[in-house]
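Just so you know, the protein sequences line up as chains A and B, in that order.
Take the first sequence: its position 136, counting from 1, is numbered 160 in this note's numbering, and each next residue is one higher.
Take the second sequence: its position 17, counting from 1, is numbered 731 in this note's numbering, and each next residue is one higher.
Source of the hints: derived by calculation from the structure; they are not laboratory data.
For every residue, glycine included, the Cβ atom is placed at its ideal position computed from N, Cα and C.
Accuracy of the hints is not assured; some may be wrong.
Per the computed footprint, the stretches of chain B lying under chain A, defined by three or more beta-carbons under 8 Å from a beta-carbon of chain A, are [unchecked claim]:
1) 716–727
2) 740–752
What follows is a list of derived Cβ distance ranges for each label pair [what the hints assert, rightly or not]:
3) R764(B) with M95(A): 48 to 58 Å
4) L787(B) with P93(A): 35 to 45 Å
5) R716(B) with R152(A): 29 to 39 Å
6) L786(B) with R190(A): 45 to 55 Å
Chain by chain, the residues:
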Amino acid sequence: MIAFKFLTPGAVGLFSRLSWPVPDDGVPGAWVEVEGPLEVCRNGIHACGPGDLIDWIDAELWRVELGEPVMESEAGFVASRGRLVSRVERWHDGAARALAGACVLRARDRAVEALERGGRRAEAGDLRRLEAHPAIADRAQALARGASPEIAGQLGFAADAVAMSRGAMPDSTILATLAPPSAAAIAANVAFTAARAAGRAHEVAGRAGGFDAGYATERVWQRDWLLSRLDLARAA
Amino acid sequence: MRGPPRASCEDVVRLLTDYQDDALPMSERLEFERHVAVCPACRGYLSQMRAVLAAARAGCGPGLTPADEAALLAAFRTPEPDAR
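Construct the complete structure from the given sequences, taking the supplied hints into account.
Written out as structure tokens, the structure is:
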């Protein structure tokens, strides 16, 4: 079967550090095989379907052929062997930045909705009209002063999403010498933050399913954005 | 669609040694990896710790004799006397 696999630059596995043999002139890379029984997250070739791409974003996206038998698990597909077939060329730093940008606007929209629910319709309208990231962050921070915790929380998510889209790290980051994050890592981070903002909005509004339902709904939106952008909708 | 990763940055720091030693149960290992997949800071932290470990291994020379290793482990496991 054909599945997908995100890898770090140079076709290296993020967790395994395995340097995958890459295709050459249309010929798939060499098979990579593991020995012994398959074990999720520990032993096996791991890959995912198009619906789970959003959870594992990294710098390079590859189509990978998995040899049977293939085990399906909560971590995706696990097989005893696999080989890279072709790279999804539409996924690159520009696409990652576009995803991060789209997710910033989604986080902005959650803040807009929080303002509307709080009766602050004029300010909500002003914020909704902003497209430039610095302006969104500045306005969100200004509006958060004196706002209720629910509104301030959503405005904070919007401002955080802007900061993360520029590569900001959490204040608690232990090592100040970390290299700047890649465009793909930023996109993964901003998308996750936007999904958390949606989860929180869902929870505060008292909607069915609470945080997890709001989070999942936003992840579905992100997945569909990704599949459309990469022209992989037919594979889903 | 899976639910949100439950591990925090603090969890990743706490679990990193066991992760490197392959000592985490599958569920914790998966949560660790799901967090690292979406967190640039923890991704960088994991990368740096791996670099440190690789450098330490490269500088270790031929390794300890079994007797020296046993003595060192015994010393690590013996609580220090209260120096106050």
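- Going back to the hint list, which numbers does this structure go against? 3
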